[in-house]
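Between the sequences and the hints, there should be enough to build the whole structure, so can you do that?
2 protein chains.
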Amino acid sequence: MKIILLVNDGMSDQPCKDLGGKTPLEEAKSPNLDALARLGMCGIMDPIKPGVPPGSDTAHLAIFGYDPFHYYSGRGPFEVLGCGGSLKLQPGDIAFRANFATVNEDFIVLDRRAGRNIPEAKELVKLVDGYIPPSAPDVNVYLEHTVEHRLALLLRGPGLSPRISDVDLGQSKVKLNECKALEDTKTAVQTAQMVNEFVRNSYDVLSKSPLNKKRRIAGFPPANVILLRGAGMLSKMQSFGERYNLKASFIAGGALYKGIARALGMQEIPVPEATGKFNTNTLAKGRAVVANLKENDFIFCHVKATDSMAHDHDPQKKIEMIEKIDKMVGYILKHVSLDEVVIALTADHTTACSTGKHTADPPPIAITSSEVINDDVVRFTEKECAKGRLGRILGVDVMPILLDIVGKTKKFGA
Amino acid sequence: MKIILLVNDGMSDQPCKDLGGKTPLEEAKSPNLDALARLGMCGIMDPIKPGVPPGSDTAHLAIFGYDPFHYYSGRGPFEVLGCGGSLKLQPGDIAFRANFATVNEDFIVLDRRAGRNIPEAKELVKLVDGYIPPSAPDVNVYLEHTVEHRLALLLRGPGLSPRISDVDLGQSKVKLNECKALEDTKTAVQTAQMVNEFVRNSYDVLSKSPLNKKRRIAGFPPANVILLRGAGMLSKMQSFGERYNLKASFIAGGALYKGIARALGMQEIPVPEATGKFNTNTLAKGRAVVANLKENDFIFCHVKATDSMAHDHDPQKKIEMIEKIDKMVGYILKHVSLDEVVIALTADHTTACSTGKHTADPPPIAITSSEVINDDVVRFTEKECAKGRLGRILGVDVMPILLDIVGKTKKFGA
Numbered sequence: 420m421k422i423i424l425l426v427n428d429g430m431s432d433q434p435c436k437d438l439g440g441k442t443p444l445e446e447a448k449s450p451n452l453d454a455l456a457r458l459g460m461c462g463i464m465d466p467i468k469p470g471v472p473p474g475s476d477t478a479h480l481a482i483f484g485y486d487p488f489h490y491y492s493g494r495g496p497f498e499v500l501g502c503g504g505s506l507k508l509q510p511g512d513i514a515f516r517a518n519f520a521t522v523n524e525d526f527i528v529l530d531r532r533a534g535r536n537i538p539e540a541k542e543l544v545k546l547v548d549g550y551i552p553p554s555a556p557d558v559n560v561y562l563e564h565t566v567e568h569r570l571a572l573l574l575r576g577p578g579l580s581p582r583i584s585d586v587d588l589g590q591s592k593v594k595l596n597e598c599k600a601l602e603d604t605k606t607a608v609q610t611a612q613m614v615n616e617f618v619r620n621s622y623d624v625l626s627k628s629p630l631n632k633k634r635r636i637a638g639f640p641p642a643n644v645i646l647l648r649g650a651g652m653l654s655k656m657q658s659f660g661e662r663y664n665l666k667a668s669f670i671a672g673g674a675l676y677k678g679i680a681r682a683l684g685m686q687e688i689p690v691p692e693a694t695g696k697f698n699t700n701t702l703a704k705g706r707a708v709v710a711n712l713k714e715n716d717f718i719f720c721h722v723k724a725t726d727s728m729a730h731d732h733d734p735q736k737k738i739e740m741i742e743k744i745d746k747m748v749g750y751i752l753k754h755v756s757l758d759e760v761v762i763a764l765t766a767d768h769t770t771a772c773s774t775g776k777h778t779a780d781p782p783p784i785a786i787t788s789s790e791v792i793n794d795d796v797v798r799f800t801e802k803e804c805a806k807g808r809l810g811r812i813l814g815v816d817v818m819p820i821l822l823d824i825v826g827k828t829k830k831f832g833a
Numbered sequence: 420m421k422i423i424l425l426v427n428d429g430m431s432d433q434p435c436k437d438l439g440g441k442t443p444l445e446e447a448k449s450p451n452l453d454a455l456a457r458l459g460m461c462g463i464m465d466p467i468k469p470g471v472p473p474g475s476d477t478a479h480l481a482i483f484g485y486d487p488f489h490y491y492s493g494r495g496p497f498e499v500l501g502c503g504g505s506l507k508l509q510p511g512d513i514a515f516r517a518n519f520a521t522v523n524e525d526f527i528v529l530d531r532r533a534g535r536n537i538p539e540a541k542e543l544v545k546l547v548d549g550y551i552p553p554s555a556p557d558v559n560v561y562l563e564h565t566v567e568h569r570l571a572l573l574l575r576g577p578g579l580s581p582r583i584s585d586v587d588l589g590q591s592k593v594k595l596n597e598c599k600a601l602e603d604t605k606t607a608v609q610t611a612q613m614v615n616e617f618v619r620n621s622y623d624v625l626s627k628s629p630l631n632k633k634r635r636i637a638g639f640p641p642a643n644v645i646l647l648r649g650a651g652m653l654s655k656m657q658s659f660g661e662r663y664n665l666k667a668s669f670i671a672g673g674a675l676y677k678g679i680a681r682a683l684g685m686q687e688i689p690v691p692e693a694t695g696k697f698n699t700n701t702l703a704k705g706r707a708v709v710a711n712l713k714e715n716d717f718i719f720c721h722v723k724a725t726d727s728m729a730h731d732h733d734p735q736k737k738i739e740m741i742e743k744i745d746k747m748v749g750y751i752l753k754h755v756s757l758d759e760v761v762i763a764l765t766a767d768h769t770t771a772c773s774t775g776k777h778t779a780d781p782p783p784i785a786i787t788s789s790e791v792i793n794d795d796v797v798r799f800t801e802k803e804c805a806k807g808r809l810g811r812i813l814g815v816d817v818m819p820i821l822l823d824i825v826g827k828t829k830k831f832g833a
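Here the protein sequences come in this chain order: A and B.
Here the first sequence is numbered in the numbering used here, starting from 420 and rising by one per residue.
Here the second sequence is numbered in the numbering used here, starting from 420 and rising by one per residue.
FYI, nobody ran anything at the bench for these hints, they're computed from the structure.
Hints are not guaranteed to be accurate.
As the list claims (entries may be wrong) - With a Cα cut of at most 25 Å, we get these calculated DMTMM-like pairs of lysine to aspartate or glutamate:
no. : chain 1 : residue 1 : chain 2 : residue 2
1   : B       : K806      : A       : D794
2   : A       : K713      : A       : D731
3   : B       : K802      : B       : E739
4   : A       : K468      : B       : E524
5   : B       : K776      : B       : D623
6   : A       : K806      : B       : D453
7   : B       : K599      : B       : D530
8   : B       : K830      : A       : D794
9   : B       : K830      : A       : D733
10  : B       : K827      : A       : D486
11  : A       : K436      : B       : E759
12  : A       : K599      : B       : D453
13  : B       : K829      : A       : E692
14  : B       : K421      : A       : D437
15  : B       : K627      : B       : E524
16  : A       : K806      : B       : E597
17  : B       : K436      : B       : D731
18  : A       : K468      : B       : D795
19  : A       : K441      : B       : D758
20  : B       : K829      : A       : D794
21  : B       : K827      : A       : E597
Stated by the list, open to error - FRET-style restraints, in silico, Cβ to Cβ:
no. : chain 1 : residue 1 : chain 2 : residue 2 : range
22  : A       : H754      : B       : S658      : 42 to 48 Å
23  : B       : S654      : A       : K507      : 47 to 53 Å
24  : A       : K746      : B       : R662      : 44 to 50 Å
25  : A       : K696      : B       : S654      : 50 to 56 Å
26  : A       : E661      : B       : L588      : 41 to 47 Å
27  : B       : E602      : A       : K830      : 39 to 45 Å
28  : B       : S654      : A       : M656      : 35 to 41 Å
29  : A       : Q735      : B       : E714      : 55 to 61 Å
30  : A       : G440      : B       : R662      : 52 to 58 Å
31  : B       : P510      : A       : Q590      : 39 to 45 Å
32  : B       : R662      : A       : K696      : 36 to 42 Å
33  : A       : S505      : B       : G684      : 40 to 46 Å
34  : A       : Q735      : B       : S654      : 25 to 31 Å
35  : A       : G589      : B       : P577      : 52 to 58 Å
Cβ coordinates follow ideal geometry from the N, Cα and C atoms, glycine included.
Put into structure tokens, the structure is as follows:
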């Protein structure tokens, strides 16, 4: 038996006023998600633990069975690994998640995503890549564009520490945050200084760029600064395949998710139409899952845009994304046998359209195969799945439950 | 958004024979408790962990998010803090919960509460307060009356240890228990000896008092001895307000609950009609909650008598108390907006009318605001709440879940 793990980022939600108090999952027409619920066993899952709003990175580590309290060291390394580009993470590197953003001359953040759509991104990156901070001539800053406003950034050199604060506070209309050392060490203080030099330089260079002048004329916010967050060094982790004795592959558009899967040694199944954005081709992902099942024991398939739509306070587009995901699931259900496959469907966390933020409310989960005892749940929603026989489980419970269904667990005791 | 936490002591129960196998919550007419269930998300909560019958003190610590396995040191310190009288707890003091009780000349406990209603309590206390144990002339015993048969007691001086056994075993018709050292240290042995001297002296003095002669003539059991339990020293705890970044206040009649709230630095909202007894004015409490909501982020409101009625094996009076609590909840629901407030309603533990004891059966909990996804539960009972989407949570999960709803949690990860 094989495992298909479908994680739809931030898919669950809170009651939306625009939807008369319903959630996007409740409003969406999703016969195939509902079929998974009907045929399987359902529950709700605290990715980290009750009351803790998960990041996408910590939630995925937990769902893959890697306790994030032990393994998590900041988002940056996963983002850099996710680029899949020329940036190769080396031991000792400090990696960051970075954004193009728009600030005014007083460094007030007007839009922390610079409008999100930045076709000039690769050209703009060239202007600041390779920067050497004046206070640390041995250190190099490497930069790479991933998707939309998103960048991966890497500091390489001596005297570096990841124990520094974020420049990007996750909100607009506030003054750009100065990077500070989070501990009283020389390396943390120096690293914070380098970061501040880099950010200041990015503004000096980008705000003068003709590309941004053109953006302004066209009515788009200029991508005139780079904001950093999630500084981290990569923890040493046993590969997913070795740990569970599975041949594991992944399909994902977003850099962070590619990065986590790569950090765990999963093989990528390339799907060019998987963009990590609203325009992603979920049906192409579904086809790739089915086509590669024979050669794999485990396929992780991630869809990002449900989360992005909620961050953008857009429940209607979130519903559309859910309906696109439903078609993907329909394709998979039509082309696999539940005698040979177990499908787990969940979200890594709840993202509320009302606030645009992650919440700790546990997302629904369905685990479906002909091996499992199903329950009376017939809809894949926040409310209905909570009535299922999986009950309320933790993120780190997911892999053991799946492994047991496919007979890959070891008895404890005799 | 603000938080109202309503804890009704020992409100949940087991099936009562007198009620045809129903529980007091099932038999009570409680449309407002049911409204909280209907509008919110419900579950059951193990205050400590499954199968562990909680004390009121450990349960409250857990519900406030302070792991009692780490912070709990005996009930005494909270009882003394709860007096709010002249007894000021100092570092190194050993504090006790104490009871007036009735023993015969063979020290058989006839009534470990001396009839519960003791109007002469303050006069009787004067007879034994300030006692100096003959074996430890540097140690003073300080005593204060709280509510009904209840007292707070404090040992102050050198050579003291809280590692001693209870004199009050929580049952009548047994011989008064001798206090023993729980560890083989000089201080524990000495402290146990002092306690035994104090208890013996309390009998010698109180049994001779004309006040007790009058009680006997009037048909009341004499309050002729003082029983001690819950020896403890106060742990160092970060204040609730600092820990959660909330302005927090409390409303409670019982000394123990005032003591716990004070130990955590909550401000008292004085409600003179909150007596901690059956005659308490729950509506006055409800009015105080509403009137003080503007100036607070968090209000903890405690009602004691549901527990007392169960300890007294009186399901009918427990039902009456639940119906009084229902009116309090009705007042609150009428005067707050669930867009601005989250209300959590629960009990700190189950107290069974049949046995008069705390049990480990997890009490129901409802968490209600317009932010939460409700479920199909429409009655606030032990049985119905167990079907809700909160599932089965722990006491220490309550605060994180509430903080997440009011947006006071920090995302773990990115």
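Is 44 to 50 Å right for how far apart the beta carbons of K746(A) and R662(B) are? holds (47 Å)
So does Q735(A) sit 25 to 31 Å from S654(B), Cβ to Cβ? For Q735(A) and S654(B) the Cβ distance comes to about 52 Å; the hint is violated.
Take a look at whether the Cβ-Cβ distance between H754(A) and S658(B) falls inside 42 to 48 Å. violated (59 Å)
Quick check on a hinted range of 41 to 47 Å for E661(A) and L588(B), using CB atoms only. violated (57 Å)
Taking only the CA atoms, is the gap from K806(B) to D794(A) under or equal to 25 Å? holds (14 Å)
Does the beta carbon distance between G440(A) and R662(B) stay inside 52 to 58 Å, or does it fall outside? violated (33 Å)
Taking 25 Å as the top limit, are the C-alpha atoms of K806(A) and E597(B) close enough? violated (52 Å)
Holds or violated: K436(B) and D731(B), Cα atoms, limit 25 Å. Distance of about 15 Å is within 25 Å: holds.
Straight-line Cα separation of K830(B) and D794(A) no greater than 25 Å? This hinted pair is violated, its Cα atoms lying about 33 Å apart.
Satisfaction of hint between D453(B) and K599(A), Cα-Cα up to 25 Å: violated (50 Å)
Can the restraint linking K599(B) and D530(B) be considered satisfied, given a maximum Cα separation of 25 Å? holds (22 Å)
Are the Cα atoms of K441(A) and D758(B) separated by 25 Å or less? Holds. K441(A) to D758(B) sits at ~16 Å (cutoff 25 Å).
In this structure, the earlier hints numbered 2, 4, 5, 8, 12, 13, 16, 20, 22, 26, 29, 30, 33 and 34 are contradicted, and the remaining ones agree with it.
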